[in-house]
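First to last, the sequence lines map onto chains A and B. Each residue of the first sequence is one higher than the one before, counting from 6 in my numbering. Each residue of the second sequence is one higher than the one before, counting from 3 in my numbering.
Note that these hints are calculated values from the structure, not bench results. All C-beta atoms, glycine included, are put in the ideal place defined by N, C-alpha and C. Each hint should be verified, as a subset may be incorrect.
Here are the simulated DSS-like pairs of lysine-lysine, each with C-alpha atoms no more than 25 Å apart in a straight line [as the list claims (entries may be wrong)]:
hint, chain 1, residue 1, chain 2, residue 2
1, B, Lys-141, B, Lys-187
2, B, Lys-187, B, Lys-237
3, B, Lys-237, B, Lys-260
4, B, Lys-189, B, Lys-52
5, B, Lys-116, B, Lys-52
6, B, Lys-266, B, Lys-237
7, B, Lys-352, A, Lys-145
8, A, Lys-188, B, Lys-227
9, B, Lys-352, A, Lys-141
10, A, Lys-188, B, Lys-237
11, B, Lys-237, B, Lys-189
12, B, Lys-112, B, Lys-227
Per label pair, the in silico range of CB-to-CB distance [stated by the list, open to error]:
hint, chain 1, residue 1, chain 2, residue 2, range
13, B, Glu-251, A, Gly-179, 21 to 29 Å
14, B, Lys-187, A, Trp-192, 53 to 61 Å
15, B, Ile-137, A, Gly-179, 43 to 51 Å
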Amino acid sequence: MSVTSDDRSRAVLRGVMDADDHVIVSGPSIYVYEAPVRIWHWANALAIVVLAVTGYFIGSPLPSMPGEASDHFLMGYIRFAHFSAGYVLAIGFLCRILWTFFGNRHSRQIFYLPVWSGTWWAGILRELRWYMFLEKEPYKYVGHNPLAHVAMFLMFTLFTAFMIVTGFALYSEGAGIDSWQAKLFGWVFTYFPNSQDVHTLHHLGMWVIVVFAVIHIYAAIREDIMSRQTMISTMISGERQFRDEREG
Amino acid sequence: MAAATETFYEVIRRQGITRRSFVKFCNLTAASLGLGPIAAAEMAEALETKPRTPVIWMHGLECTCCSESFIRSAHPLVKDVVLSMISLDYDDTIMAAAGHQAEAILEETKQKYKGQYILAVEGNPPLNEDGMFCIDGGKPFVEKLKWMAEDAMAIIAWGACASWGCVQAAKPNPTQATPIDKVIKNKPIIKVPGCPPIAEVMTGVVTYITTFGRLPELDRQGRPKMFYSQRIHDKCYRRPHFDAGQFVESWDDDGARKGYCLYKMGCKGPTTYNACSTTRWNGGVSFPIQSGHGCIGCSEEGFWDKGSFYDRLTTITQFGVERNADQVGGAVAGVVGAAVAVHAAATAVKRLTGKPTEKTDA
Chain A
6 MSVTSDDRSR
16 AVLRGVMDAD
26 DHVIVSGPSI
36 YVYEAPVRIW
46 HWANALAIVV
56 LAVTGYFIGS
66 PLPSMPGEAS
76 DHFLMGYIRF
86 AHFSAGYVLA
96 IGFLCRILWT
106 FFGNRHSRQI
116 FYLPVWSGTW
126 WAGILRELRW
136 YMFLEKEPYK
146 YVGHNPLAHV
156 AMFLMFTLFT
166 AFMIVTGFAL
176 YSEGAGIDSW
186 QAKLFGWVFT
196 YFPNSQDVHT
206 LHHLGMWVIV
216 VFAVIHIYAA
226 IREDIMSRQT
236 MISTMISGER
246 QFRDEREG
Chain B
3 MAAATETFYE
13 VIRRQGITRR
23 SFVKFCNLTA
33 ASLGLGPIAA
43 AEMAEALETK
53 PRTPVIWMHG
63 LECTCCSESF
73 IRSAHPLVKD
83 VVLSMISLDY
93 DDTIMAAAGH
103 QAEAILEETK
113 QKYKGQYILA
123 VEGNPPLNED
133 GMFCIDGGKP
143 FVEKLKWMAE
153 DAMAIIAWGA
163 CASWGCVQAA
173 KPNPTQATPI
183 DKVIKNKPII
193 KVPGCPPIAE
203 VMTGVVTYIT
213 TFGRLPELDR
223 QGRPKMFYSQ
233 RIHDKCYRRP
243 HFDAGQFVES
253 WDDDGARKGY
263 CLYKMGCKGP
273 TTYNACSTTR
283 WNGGVSFPIQ
293 SGHGCIGCSE
303 EGFWDKGSFY
313 DRLTTITQFG
323 VERNADQVGG
333 AVAGVVGAAV
343 AVHAAATAVK
353 RLTGKPTEKT
363 DA
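All chains, please: the whole structure from these sequences, using the hints.
What follows is the structure in structure tokens.
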């Protein structure tokens, strides 16, 4: 494409130009994820990694430490890391819920499913077809696409809440019957009188989050390459860039 | 039955015990229950003035291990409990009377001590076939239980059977054995789980109720807080080895000989609420973990149905095969991972072999 005066004026306006003096016409950019959402996302991701790894080693401990018990505190440190990361996750989740009252409308998306919207259901179908290689290209979405929205809500939001509740219930076993954790989350043991069941559910929940992470990371990378919009950088800068200006 | 109106104090004085020993006993019992010095005086006062509480001890579907445990109580000695503290008016397993003579006591207690007697239940009623799987005195046990529960002050559910159902309620539970609190809804019920419960816990609960005339403080599950508020794990003498990460890896290994933590051998201490690691058994001699075997969680709900006693992770049977959380979760994660890899490959192939997409950029 040759450089026209029109392009030049636009380039000046946008301030984008490459080495060959070609004007780059980019798609529009929309500010989607505000800073608190982004900070929460990465802090939460880190907490989940720590929680999953330490949680696994609490269920299946590492080989025995040699020497005297007084020289070691390995399980203690692993459990401490798990509980600390658990607090980061729980407090982060609470702050994230609070942010929905102050943030933009995208900050509320992962907390509900618009099941009443026909467009949304059609969008899920369309996205499914895209993932089954039946569509040439996906639609553009400012927030999560409908299929991602479902995965977010069911596998992330609900399961995080589930893990927080069961996690604190299990924590209350050590904290004691009079602790605030027991007062707030002890009701879990009304439904599961044997806490062994809660351990099992919490353990299965870990695997759900692992499965979610696998899908989440794959979908983010794939869509970053294949779709018509940015994915990964959006969670870093908050800006969603579109690669074309076509509608739909 | 006249003896039942005698007070505890009168009984022991008659047996030749001095007042000094009596006060000592009150102090010791108060201390063992974790109560303050004032409680000892209250206890003495109660035992001096109150008539002994009649106790009716019934047996449903059970193995009598609760009775076996109870009669081995050392502090207080069970002879003191049975002969002096309470008035054990009926216990078909150990009483001298039999047949109609024995059953008549139930009727008499019901009338004479309406709302004042304690109904101690060992075992549970099976509900299938109208309760025909457990016949006691010619009637289904469930009918006898409901009948005696009507006028009881409170019910003690002895052991895992009465509290949770235990082995007879394990899957598939053909007789539909049902814990007491699912059958009797309108009476205060205290659960004293364990298979069996610790002897001193049993006599401790009885002492508390006869002394204060009310149930001790119960937790969410209906168990007395003073014995069931902490896990075996919380007070286990091997806990430092757990925190250090020192485990028995297999039976008879070096760790086992050194008394390391039995967590990896499937010890259920971290999910079991009981007093074993503090009170211990047989007069404080030992308890399972001290003897080198993990806790099997016998005082917990449905402990028969959680898979092996030697696995940490519960067996999950909902998927038709017996697996634990790691096997199920790992398999799912593996399948999803493989699906993602295949999908990524398909995407790459499609992108490389497909028509070059029209670029709309400049």
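message = Hints numbered earlier in the text: which of these fail when held up against the supplied structure?
response = Numbers 2, 11, 12, 14 - these are the hints that the structure violates, sorted from lowest upward.
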